[in-house]
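A.B. asks: Sequence:
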Amino acid sequence: MPSRFRLSFFVFLAAIAAPVAASGPTFWTVATSTEFLQGRSDGVYLSLEGVVTAGPRLTNRLTSSPAQIWSLTEAPDGTLWAGTGGDGRVLRLRPGQPEEMVFDASENNIFAIAADATRVFAASSPDGRVYRIDAAGAAQPFFDPEEKYIWSLSFDAQGRLWVATGNPAAIYRVDQYGTSQLVYKPTAAHAVVLARDSQGRMLAGTESPGRLYRFDANDRPFVLLDSGMTELSAIAPAADGAVYAAAIARGDASPSAGESTAIAVTTASTTPSPTATTTPSPPAPPKRGTVFRIEASGVWEEIWESPDVVYDLATAADGSVLAATGPSGRLYRIGRTREVWLHTGVDAKQITRFARGGAAAAPGAFATANPGRVVTIADGVQSPATYYSSIRDSASVATWGQLRWESSGSTQLFTRSGNTAEPDDSWSPWSTPYKNSAGENITSPPARYLQWKAELTSSAAPARLTSVTVAYLPRNNRPSVTSITVHPPGVVFQKPFANEDGAIAGLDERVADSRRPPGDNGPTPPPPGRRMFQKGLQTLAWKAEDADNDRLLFTLQYRRDGETAWQDLRADLSDTIFVWDTSSMTDGRYALRVLASDLPTNSADRALTGERTSETITIDNSPPAVTTEVTRTSAGVRLAVRVTDAQSPIQKVEYSVGGGAWQLVYPVDGLADAPDERYEIPLANESEATRIVVRATDLLQNVTSKAAVVR
828 MPSRFRLSFF
838 VFLAAIAAPV
848 AASGPTFWTV
858 ATSTEFLQGR
868 SDGVYLSLEG
878 VVTAGPRLTN
888 RLTSSPAQIW
898 SLTEAPDGTL
908 WAGTGGDGRV
918 LRLRPGQPEE
928 MVFDASENNI
938 FAIAADATRV
948 FAASSPDGRV
958 YRIDAAGAAQ
968 PFFDPEEKYI
978 WSLSFDAQGR
988 LWVATGNPAA
998 IYRVDQYGTS
1008 QLVYKPTAAH
1018 AVVLARDSQG
1028 RMLAGTESPG
1038 RLYRFDANDR
1048 PFVLLDSGMT
1058 ELSAIAPAAD
1068 GAVYAAAIAR
1078 GDASPSAGES
1088 TAIAVTTAST
1098 TPSPTATTTP
1108 SPPAPPKRGT
1118 VFRIEASGVW
1128 EEIWESPDVV
1138 YDLATAADGS
1148 VLAATGPSGR
1158 LYRIGRTREV
1168 WLHTGVDAKQ
1178 ITRFARGGAA
1188 AAPGAFATAN
1198 PGRVVTIADG
1208 VQSPATYYSS
1218 IRDSASVATW
1228 GQLRWESSGS
1238 TQLFTRSGNT
1248 AEPDDSWSPW
1258 STPYKNSAGE
1268 NITSPPARYL
1278 QWKAELTSSA
1288 APARLTSVTV
1298 AYLPRNNRPS
1308 VTSITVHPPG
1318 VVFQKPFANE
1328 DGAIAGLDER
1338 VADSRRPPGD
1348 NGPTPPPPGR
1358 RMFQKGLQTL
1368 AWKAEDADND
1378 RLLFTLQYRR
1388 DGETAWQDLR
1398 ADLSDTIFVW
1408 DTSSMTDGRY
1418 ALRVLASDLP
1428 TNSADRALTG
1438 ERTSETITID
1448 NSPPAVTTEV
1458 TRTSAGVRLA
1468 VRVTDAQSPI
1478 QKVEYSVGGG
1488 AWQLVYPVDG
1498 LADAPDERYE
1508 IPLANESEAT
1518 RIVVRATDLL
1528 QNVTSKAAVV
1538 R
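Each residue of the sequence shown is one higher than the one before, starting from 828 at the first, in my numbering.
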């Protein structure tokens, strides 16, 4: 299946940056084409330089709402014929009259329609046929090819009907009596588009590979363009003998000839068409579109490339080329000198087809999908033409400031606000028009979301809009302390060498901090250096976050078990690591609390504080107590040792005899895990006890040594 009918949706990233701080207003500016394209419009043109002007008058001719219009043609009498997707219907739109449903095929889609002064042909897919529709609207089968899909119909100079089919590709010619002739079977998956050039020769585009063929009077094919892309999706012959062609490149490898994938219809009201194989298709990869100009001499060049998929092309009277694209329903105009304008006035996912035929040199209508519409293009410009901005999410209830814009001519701006992501009845009504482009306070009520619209009215001077800026003050978000790490007592880290880029020698650190812009919390601290041990020191580290990217200061507090009041340990910390000298503290168990404040980038009345409490830590500056006693048993003489500590478990006990090496001794119960432990040291005789020194160490590395006492 040609990739032009695989309806994939691109996600365009908003070009406006998120707020950098809550200390002052945030400014939302829309001034470039990328930014303007985030919104939608009713009848405006947008240049690639980001200038919004009134576009041509557009009118939706349909009163019904089909899911897709896949084909469209204009008869010489001005009647438009349209083919729908999902329900396979043919609609007739006579000038000044509502549409009529003249044919309902048993197949799901009408991908191709052709009409001349006396005949109308419509092709259904999949597994469909070509029908001839008479003046009364009655349809009769006309041609039934073997191939699964029929993609395009076109009359040649002799009035014969050419038919492009797919899976595999084949091109037929059918005379007025329904007698068919196979003209050519390209080595391709599908023949997807047909058109007649200015000299009456038939042109055909294929998918997999994407090539453009031209047939001479003897039906001999000649490749005008091998695009190197997946699909040759559109052809637009120009009056000067040149040919414009659009090609689509997919992100994956092209399928081999004869393969086909399902027609993926993404509208909920439509049933997907049957697949050509039973193997599920992977998600459609990203696509891009390229437009080529092939001169009458055969020389070709790329004149435009876009991330949009080009579904159709048409030439205009001024020599420019119109490109119908998806997935954002954009109509591009490419000038002879390659300047490009963007038409964003279609509220549909795809512009699928320009009306072929008719008396005018340029197409007077186009079709859309998701939803399906037939839109006519009238002379003059839309008035008023309206542009609707994207929805601005302030992430909280915001206070709106001033609205400023740059424009010329008759341009009015309006705003509305609400607390749902999509505007509904709960939103405020549109404001009265703002009049002062230099700056006027927004009257819409405080809310999380805001939208503005601009109305451009035709007058003596053309209306132009080039930029809009909204100022607002979002609610300040509370910072949070996400974690606190309490390192083992005595564990510290060597201070690493750090150098802040752009630091000024001799500038006071507090002054340097005050000169940083909002949201700049200074240089990222380097990772801790070598791990060391220093008795009496307690290292704490923490992490904090702020949704507004505000600069934070920290206060560290402590509270001893049994107390209710918190005491400040250190305030105005900018680092997220602190070493506490606990040697001056009373022994006991303590909880620590980190307070994070965003006051440095907020006024005092808006500043908020977040907090987190650590696990309890033990401060123990007192060494263990040691008592000894010589005991005599039938087994011999022993030194009984008792070691106690008020706060910490006993880590180890050692002894030395007469200044010799320290020897480790284990508790009587075999495990040192309590603040009260008993030990027994065997002696050779009682006199040896007078030469023993016992050393005890608790878990916090407090050490005491004591000579044995012999009574």
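I should point out that these hints are in silico values taken from the structure, not numbers from a laboratory. Mixed in with the good hints, there may be bad ones.
[What the hints assert, rightly or not] In silico PhoX-like links for lysine-lysine, alpha-carbon gap of 20 Å or less:
no.: 1; residue 1: LYS1280; residue 2: LYS1262
no.: 2; residue 1: LYS1322; residue 2: LYS1370
no.: 3; residue 1: LYS1280; residue 2: LYS1362
no.: 4; residue 1: LYS1280; residue 2: LYS1322
A.B. asks: Determine for every hint whether it applies to the structure shown.
C.D. replies: Now the hints, each set against the structure:
1. LYS1280 / LYS1262: Given pair LYS1280, LYS1262 holds - Cα atoms ~13 Å apart, limit 20 Å.
2. LYS1322 / LYS1370: Answer holds: LYS1322 to LYS1370 is near 18 Å, not above 20 Å.
3. LYS1280 / LYS1362: The hint is violated at about 67 Å.
4. LYS1280 / LYS1322: Violated, at roughly 56 Å.
Consistency note: the structure conflicts with the earlier hints numbered 3, 4.
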